[in-house]
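Protein sequences, first through last, are from chains X and G. Residue numbering for the first sequence is 4 to 72, as defined by the numbering used here. Residue numbering for the second sequence is 255 to 725, as defined by the numbering used here.
Simulated from the structure, these hints should not be mistaken for lab results. Glycine residues also receive a C-beta, built at the ideal position from the N, C-alpha and C atoms. Careful: at least some of the hints might be erroneous.
[As the list claims (entries may be wrong)] Partial selection, computed: residues in chain G whose CB lies under 7 Å from chain X:
id, residue
1, Gly615
2, Leu618
3, Trp699
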Amino acid sequence: MNPIPLDPSSIVASARAVGVELEPGRVPMIEAGLAAVGAATLQAALPLDFEAEPSGFDRQREAHAQGEL
Amino acid sequence: MSAAELPTLTAALAALTARKVSSVELTEAAIARATAAQPRLNAFISFEPDLALAAARAADQIRASEGATHGALLGLPLAHKDMFYRAGKVVTCGSRIRRDWRAGSTSTALARLAEAGALHLGTLNLAEFAFSPTGHNVHFGDCCNPWNPAYITGGSSSGSAAAVAEGIVFGALGSDTGGSIRLPAALCGVSGIKPTYGRVSRAGAMPLSHSLDHVGPIARSVADCAYVLQAIAGEDRADPTASTRAVPDLIAALGGRIGGWRIGLAQGYFDRDLAPAIANALDEAARVFGSLGARLVPVHVPPLDAINAAGTTMMWSEAASAHHAWLAERAQEYGAQVRSRLEHGTAITAIQYLRALKLRGPALDDFCRRVFGECDLLLAPTHDQPAPTRADTDLADRPEAAAVLGALTRLTRPFNYLGLPTVSLPAGFDGNGLPIGLQLVGRPWAEAMLCTAGDAFQQATDWHLRRPGVS
């Protein structure tokens, strides 16, 4: 698992790579926010199949539409 | 009963049909309430009383014409979050960047409400670019909670919930990317439906996060919400994500019985750290559902922190993508908090975003198997703590803002990622006199069941009829 980078310099670099300049004083909140995200935790909870498809959401939505009432 | 005293949209429709009240009378009452409340609540961004009155006169003429056919909402004054595009009209999106921007086309949701005959009284306050759960707005001023202006409305559909709770309009559109319909509905003591992802077209609604954005109604009662949702739901060529699935008759679903339905009492994630007043409201609501013949089934909900993490990854990435050009060129025009939240997204990699997206299907499958294998509808709180004050949550871009904002929507965000239909119902009051909201969650496309169950609950309770300054 690769967590979202928390090193301020890498955040600044990531933003700069897409054309957004961050002011140093703004980085602390970004750090806090990214720490809260911890996106990699879902990977631990639900191991991702190598061949899983983004469209799986639509299929699962239909698969679970029928109730048992 | 005078126009100003009609408690709900359905009551107003009945009075219009019986010709006990006119659309002009309803609209004049709405204008009077809006004018009186604006200094205290700041619910409106734009106000069009003359246009609304002209439309009301036309609606009354149509109703007076024997044999004339008309839409289901003919002559009802509504107002909507200022992020639904109307051709030729300024749509600020609660922002400085779009303060003078005029839409080139009309959103599908507004067009369908117009086809149904609804009137448009004005546009309603919201969080800047719908990207905050509190109701603060540094550009247009905060929208204040009608129950106590010192407290937040919840957001981002702050003006929608406040205007409905104050009794200004009978219903309002909101959008919900992480709880923005349900949280303000809960904290202002009104009802709100976030439908299944794909049930309502987002065409012409300002995008925040296209994978998580939902459009839906806020109104006094679930029955009122059903009328608005019925009008706006359904396939739309302008939005390829809008489902082609037939929309059920939500009006027919009202008044139904729920005897034998299994209501899941969410345990684990949803009863963690609940404030006592909210826990008590939840227990009392369960008792009401039991008295209506439902079977109460404890359901252990899997941990959803990870789902929230993935949802946040998607939200921040997609929002940063949508705002990328402005973020690079007009960053100073954003409020500090929205700017900081958008900046988060620029640091998330494409790999992380796509992994969060790919996990959505397995996560939905896992949740449905575990939860809806045990129950038909899940009952859970909309929020775990009482409404906070505006002062306590006025955090701009301070370091603690991310955690505070995230905590406000801890119980609503999972259903944006999962795309499940959810209704928030008023269910009590906290020690400060602020409303408490509870959620009912259904399987995909189960809006009719939600309307039946929510309406049954409201037939047995009167929380949705309480009004600020009256109860």
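Hint check:
Satisfaction of the interface hint for Gly615 of chain G is found here, the shortest Cβ-Cβ separation to chain X being roughly 3 Å, below the 7 Å cut-off. Residue-level restraint check for Leu618 of chain G holds (minimum Cβ-Cβ distance to chain X is 4 Å; threshold 7 Å). Annotation: Trp699 of chain G was flagged as interfacial toward chain X, and the flag holds, the nearest CB pair being 5 Å apart, inside 7 Å.
In the structure shown, no violation is registered for any of the earlier numbered hints.
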